[in-house]
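Asks: Read off the chains here:
2 protein chains.
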Amino acid sequence: MSAIEINKDFIEELIGLLDVHHADELVPILDKLYAQDIAEIFDDLDLDQAIYLTSLLEPQKKVNVIIELEPDVRGRFFKGYSSDQIAADFFTYMDSDDAADVLNALSTDQSKEILRKIEDKEHSKNIASLLKFPENTAGALMAKELIKVKLNWTVKQCTDEIRKQAEDVSKVYTAYVVNDYDELVGWIGLKRILLSSERMNIEEIYNDNVIYENTYASGEEVASTMRKYDLVALPIVDAFGRLVGRITFDDVMDYIKDEAEKDYQMLSGLSSGVGSGDSIWLLSKARLPWLIIGLFGGIGSSLVIGGFEEELQNNVQLALFMPLIMAMGGNVGVQSSSIMVQGLANNTLDSSGIFGKLGKEFMVGLLNGLVCSLLLLAYGYVFGNSQKIMITVSIALITIILLAAIVGTVIPLLLDKLKIDPALATGPFITTSNDLLGLFLYFLIGNIILGTV
Amino acid sequence: MSAIEINKDFIEELIGLLDVHHADELVPILDKLYAQDIAEIFDDLDLDQAIYLTSLLEPQKKVNVIIELEPDVRGRFFKGYSSDQIAADFFTYMDSDDAADVLNALSTDQSKEILRKIEDKEHSKNIASLLKFPENTAGALMAKELIKVKLNWTVKQCTDEIRKQAEDVSKVYTAYVVNDYDELVGWIGLKRILLSSERMNIEEIYNDNVIYENTYASGEEVASTMRKYDLVALPIVDAFGRLVGRITFDDVMDYIKDEAEKDYQMLSGLSSGVGSGDSIWLLSKARLPWLIIGLFGGIGSSLVIGGFEEELQNNVQLALFMPLIMAMGGNVGVQSSSIMVQGLANNTLDSSGIFGKLGKEFMVGLLNGLVCSLLLLAYGYVFGNSQKIMITVSIALITIILLAAIVGTVIPLLLDKLKIDPALATGPFITTSNDLLGLFLYFLIGNIILGTV
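Those protein sequences? They're chains A and B, same order as listed. Using our numbering, the first residue of the first sequence is number 191, and each one after it goes up by one. Using our numbering, the first residue of the second sequence is number 191, and each one after it goes up by one.
Pulled out of the complex, with its shape left as it was, chain A reads as follows (with noise of 0.2 angstroms):
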């Protein structure tokens, strides 16, 4: 909650007041706003309000806004401005992961047109520098801004450089120290330099058990450190050790949301980034691709089930338990796959290789069926159906959910080692193709027992 909340009438009210350019009274009301907020209201206003609005902030407000824009909201408000303005205006006062961020969501030739036009020539190397990392590594992720120390300063000095770099550095929690050939080797929070005295030296009250990660270490890496140990900012070094940059927790409480919403979103069939308030063209196209994987799976099953077209017109009711075999099929190869995925992001599979997973879920599989196999036993002779159709199902049954489970561990466990992302395996994608499998051995099962035609 924060001091004004913003609703349909405050948002007709700021627009009626932007139409008239009224600052006078615009600027104590923006100034009450969050740069979040004001990023939201932006959804609503044409251009023309837009800037003026802009016009009306601060230089660091500006720049916080423009950072939360959504990307495309953002392309069309820069529509308003020159490389120049944009590089003056908004790019001067910008972290460089922010500006790296912004620059990435806009095409190579403007993209470079700004960086060019960056007055600091340091600051624009710093962003230039964050572009050139692969996504998703901790280079990527990073800031160049931070607080550095050296090893022999005193307190003094370093509340100093702290006072020096207030403006470029906007969070401040933590002062790396390094040592003459900028090699990281200790921190110090800013609480403990806060209640040192000013004489004493960083030698004396800094921590030289520092944790860190190389630029090259993935998102994963740096979001599980970070949430392991606690750290409110995490130093990335480069290959020498060098202290290059600082990853902080507001960027990785975004990362894990985001990751975590990717999963979710590739489980349940849908393309990435979509939610319930996009249009309705984008919330199909985020589906179509997944259904008609569906599609071609159920064409393929068609086939499946036609290649046993006699076996079935003798035995109709087989056709009763095709939905449970694929039902079964499917929640377990979901389940298997979705403990593999979890398990390889979080970096908790334990140590035992690729045996003793397989030979785990054989268990567990095992066990599964059993119970269920029994339970459908039970159902078929307390309600007298035909005993060699429920053996033939039974037997399925526990055949399916073993394989099922196999597949599941294994394709994830595959995709990771051929470097693709294994949450692919989630979701329609294993549905379907245990549908396939299933249906077959469903079919070659009830061929054995019921004898062919």
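No wet-lab data here; the hints were simulated from the structure. Worth double-checking, as some hints may not be accurate.
Copies of the same chain are indistinguishable here, so a pair counts whether it falls within one copy or spans any two.
[Claimed, not checked] Capping the alpha-carbon separation at 30 angstroms, the derived lysine-lysine pairs in DSS-like fashion look like this:
1) K346 with K222
2) K252 with K198
3) K198 with K607
4) K340 with K609
5) K302 with K251
6) K222 with K338
7) K418 with K354
8) K475 with K269
9) K550 with K418
10) K475 with K452
11) K418 with K447
12) K222 with K340
Given the coordinates of chain A, work out where chain B should sit on it, guided by the hints.
Replies: For chain B alone, kept in the frame of chain A given last:
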């Protein structure tokens, strides 16, 4: 990455030193280890080794290790101590929120006894007050430890307060400003305090635009507020606006991760909290309930199809496309429901009411259904399948896609209105109900188009 890599060899060596009580060598090694790493090593220690190791740690680190332990490991470890020892050694230096978490994992009797034996009555009262809040509320997530400063203080008084509290409040990023009635009126970052002259007044430098939540706010609200505004800590107020606690970023990072995993597991048909490292028995127990739902669904399907047995005998080709109908109904149902569940969890559902959402889902379903049906008709035409069958399947397909989309939208919304976790409606649950509905409609439409027996 940290200084020491914890691998099998390292743990073996450490255990060797623990067995011979070699304190001189152990203390410097333990000094280099973070509490999180020591907690991981506990899994491999027996009770004697664990107790001896703990005796070598300094008080605050001892506590940090205890709170990082898995609840079952901690339960076993506590067996080596009396309640008096537990209260004195472990709870004295524990933050109130961690203490409440640890107590929550114990039996009510043991928890009460420990609480009674904590010497610092203020501290035990704080912990007890947190235990009263319902799970998953800001009140249950917050810690009582925070830096509180008065509006009329000087910066010097503020620094003195931080110095006084430094031992109790381990993580200090922000000081909260209150008025004479203890009501939250603003905040100051540590950087600002560090860079301000000691003689300045808090009133001159504090930020009066403060974001907060009430004790009864949900964990989701807390997480989304902190993520939106990039807050390192969020102050919590009671119903009278008085500052009563704060929630820090590390708890929220864990919360976001845990909630995402819960939803993911629900969607995969897994009971909460299993991982690939768990025992065969635990893994089977987590999966079986969902498999039994699937089993009953399958039996239900067999009854639905059984009702159309004669129909099927005469048109055995209808059986060929049952898997297609089921797979598509299942996929669409999961897609629609998980978009809703995510929207509800993120508070991003647009303001259009339930009819707006249904209308949208209807349009998306219609679009996807039309594309899939046309593809299917084209397939049937090219491969010369029976026209009547293909028309039946196509009409059934559109109908089922539309229905599954609507069911997938309505059920999560309904559960949410009934205050039940809407994530329950994803995964096996929605697939099973769509199977039943889909097959029934399929045969009904087949009955109409292909004529009764």
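Asks: Are the hints correct? Go through all of them and say.
Replies: Each hint tested on the structure:
In this assembly of identical chains, the alpha carbons of K346 and K222 lie at most 30 angstroms apart only when taken from different copies (28 angstroms versus 35 angstroms within one copy). In the homo-oligomer, the alpha carbons of K252 and K198 lie at most 30 angstroms apart inside one protomer (23 angstroms), although the nearest pairing across protomers, at 52 angstroms, exceeds that limit. Taking identical chains as interchangeable, the C-alpha atoms of K198 and K607 lie at most 30 angstroms apart only when they sit on different chains, with a minimum of 24 angstroms there against 51 angstroms within one chain. Proximity of K340 to K609 under the C-alpha cut-off of 30 angstroms is found in neither arrangement, the shortest distances being 40 angstroms within a copy and 55 angstroms between copies.
Taking CA atoms no more than 30 angstroms apart as the test, K302 paired with K251 passes inside one copy only; the shortest distance there is 24 angstroms, against 50 angstroms between copies. For the homomeric pair K222 and K338, the shortest alpha-carbon distance between copies (23 angstroms) is at most 30 angstroms, but the shortest distance inside one copy (33 angstroms) is not. For the identical chains of this complex, K418 and K354 are inter-copy neighbours only, at 29 angstroms across copies versus 32 angstroms inside a copy, given an alpha-carbon limit of 30 angstroms. Proximity of K475 to K269 under the C-alpha cut-off of 30 angstroms is restricted to the intra-copy arrangement: shortest distance 27 angstroms within a copy versus 57 angstroms between copies.
Only within a single protomer do K550 and K418 lie at most 30 angstroms apart by alpha-carbon distance; the minimum there is 27 angstroms, versus 42 angstroms between protomers. In this homomeric assembly, K475 and K452 come within 30 angstroms of each other (Cα to Cα) both inside a single copy, at 16 angstroms, and across copies, at 27 angstroms. Taking identical chains as interchangeable, the C-alpha atoms of K418 and K447 lie at most 30 angstroms apart whether they share a chain (16 angstroms) or sit on different chains (12 angstroms). Taking the closest pair of Cα atoms, K222 and K340 come within 30 angstroms of each other only across two copies (22 angstroms); inside a single copy the shortest separation is 39 angstroms, beyond that limit.
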